[in-house]
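These protein sequence lines map, in sequence, to chains A and B. Under the working numbering, residues 7 to 285 are what the first sequence spells out, in order. Under the working numbering, residues 4 to 295 are what the second sequence spells out, in order.
Just so you know, these hints were derived from the structure itself, not from any lab. Just so you know, these numbers come straight off a predicted model, no measurement behind them. Just so you know, nobody snuck in bad clues.
With a cut-off of at most 20 Å between alpha-carbon atoms, the simulated EDC-like pairs for lysine to aspartate or glutamate come out as follows:
| id | chain 1 | residue 1 | chain 2 | residue 2 |
| --- | --- | --- | --- | --- |
| 1 | B | K255 | B | D45 |
| 2 | B | K262 | B | E49 |
| 3 | B | K7 | A | E179 |
| 4 | A | K48 | A | D65 |
| 5 | B | K255 | B | D43 |
| 6 | A | K228 | A | E74 |
| 7 | A | K13 | B | E191 |
| 8 | A | K228 | A | D76 |
| 9 | B | K66 | B | D43 |
| 10 | A | K14 | B | E191 |
| 11 | B | K7 | A | D178 |
| 12 | A | K14 | B | D194 |
| 13 | A | K77 | A | D65 |
| 14 | A | K194 | A | D105 |
| 15 | A | K11 | B | D194 |
| 16 | B | K203 | B | D214 |
| 17 | A | K60 | A | E49 |
| 18 | A | K13 | B | D194 |
| 19 | B | K255 | B | D64 |
| 20 | A | K230 | A | E74 |
| 21 | B | K289 | A | D105 |
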Amino acid sequence: MFKFKYKKVINSLFLYFFATIFLFLALFPFFWMFSSSLKSLKEVFATPPTFIPKEVTLDSYIYMLTREFDKYILNSFFVSILVTFFGIIISCIAAYGFDRFNFFGKNILLFLFLLTQMFPSVLFIIPYFRAMVNLHLYNTHLSLIIAYTTFTIPFCTWMMKGFFSSIPKAIDESAMVDGCTRVQAFYKVVLPLVKPGLGATMIFAFLLSWNEYLFALVLISKDKLKTIPLGLASMVGEYIIEWNRLMAASVVCTLPAILLFLYLQKYLVQGLTAGAVKE
Amino acid sequence: MIEKYNRLITPYLFIAPALLILILVIFIPLFIVFRLSFYDMDLVKEVFIGFNNYRIAFFEDPKFWNAFKNTIIFSFTSVFLDLTIGFIIALVLNNISNSGWLRAMLIIPWIVSPVVAGLLWKWMFNIQFGIINAVLINLRLTSVSISWLTSPRLALLSCIMANVWKRCPFMMVMILAGLKAIPKEFHEAGDVDGANYVQKLFYITIPSILDILLISVLLDIIWNFKIFDLIFIMTGGGPGNASEVLATMIYKNAFNFYKYGYSSSLAVIMLLFLLIPVIIYIVIIKNRSLNE
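Chain B with its partners taken away, still in its complex shape:
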């Protein structure tokens, strides 16, 4: 009798500590943020205002849509570049034997702190003393110093470049793993049928890794949507609001302007938009495990 009780309870005992912590330190704060979003709260007051914060964000605050637009541009451009560059690198690496160390070297940008990466690229993009402008001017590719981080038009783009440098290896690793899992017979069958390289690429390679591509792309979208450290370090959201993204806007509203209620509502909005790729991702994962 006790045996049966034991067997029933044991799994819960194993997962209990983790679950407890998650509930306490993730789900309760989540609820708090949700609740705070309905208040107008700063350092002095706390007034319940219902959906007012949301109304302001969607209909009255141009900065919100600016940040949202920047977040979308940043996320999708980064993912697109990550995908294409990562795919090419993976293809190259797949055809080189003993590429383990090469792969290791290429992953290093991914593992450094976003703060370090941000500072490094901030330094390289420096107008007067940065190496990038120096090389460009030296090679006569441009006659004036390019204001990478101080021009409203280029600020976000520069952040995207640094971000792609940092995140591309992740995509490359996932795609490479997928490529290596393709059975040789597939390509050999293509050879037998007289397919050239491009045909094999589109009809054999890509369909075989569609799974991994989808998952990696979704993960990348989600990760880039949340970006904070890199942009905050490189431009602080500036100049003006040129490179402001949702995460930086939420931080600033909370800790520079002390608008805790409004900031919370922005965070909830961000979460809701984020749930779209997240749900797609989970549906796909569930489908795969059902098919196995």
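Bound conformation, chain A alone:
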């Protein structure tokens, strides 16, 4: 009896030990990023480096937020919010169509949606660049919004389709019996029922746009229009890199993502694995 419990305790300790190691490996880099951001320029280049800054300073943050990064942050928010807004609307409508109906060409089109997810982004940078230049949309936020919304749609459609499929079709039908049109059944009855899924998908669309780098690199060159990833990358100088400021900017870039994510991570995971696991 005692021996059995003993074994269980060892087992648990073993597990928690490993879990702690993984946690450390996953999160230490963030701790280091935060720690570096609070250091002065002198201390960030100190050898040997210090884990906890001897002199905590917010100079990097103040510099970033007042001199360079405020416009990058605003730009990223502006683009990401619009992309999320348009992307979600179009995706939800499409997802509803895919889930609730069976129609000619449905499987082919679903296949097509899936296929677009697999294309490398670099494939598109040349035609996008030329098109935007020809349309006089180079160095505008609109070009980013168009690009990001397009690439958000397939994934969001897929996610929302999964969430819609968990709502029985009978609900739509009873709503229509009660006098709703199909569209009303969609946005008055079914949509409110998938709110958590909607939230998770919105987060995903927002993050996709917030973190995107390649298209911003190709389509934007004016400094005041840059998004955060672009701004971050352009701060990497030829000779000396002010790592403390760079890390502070990174913290500011990452914080919204982490907070949003932690708030809705349960639904995000649900959405990801929805179609993948056979119940």
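Let chain A serve as the given structure and place chain B on it in line with the hints.
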């Protein structure tokens, strides 16, 4: 009569906006790239040369095969490490109750921007001032500073390490979901038959999640094949071409060298190679939905 017409058209109306956008902004550019790949095009000229770009890539340009080799090494090494580490973490997490918050913490590397991750690891790998060298030297595990990002031999490996840190949580999440879906009865049946832990692992656990493993591995291969941001930020493809992958090579040919035609052909080649795991993935998905 109008009723029937309505019912027929409605689904198409729902999917129309999304479909329209996809055609306009994805499939038409795709066609443009394909067409451009047959031209020798830069800032001054645009000459039709047929398959010449492809011939150059495959037979004359050593940089292409270098990039291709690096892409394959990067992709498969990352996936292998993602799989093994992710699997172990998932196993551990599966046996801990109330691991929701733990899982959430472990996923955070996955959701940050690849630019942020690249910069962070670039900083940690810094020869003189990076924390990794500092710790290694302090623990006397090495006597010299290791040039993680500036040595041709280590550059790609360092990128792989950062990439695994970032992508492993994805694999872990998928596998964990699969593990949680295994009915308890399976393991209990194994216990009744006197199986030890390793036997249960190989004969019960792994076969039960083979589906998810396959899908996750394929998705990971596809994602890592396309990698751009992380490597571009960390090494820019360097030193020299040591960590050049297909995506970075395509970007540089287009926007640093202005060889739009050649770059387009490289992109098409990349797409064709990418279609291999993609088609396998789609075949598997279709099989599953047929079996359901």
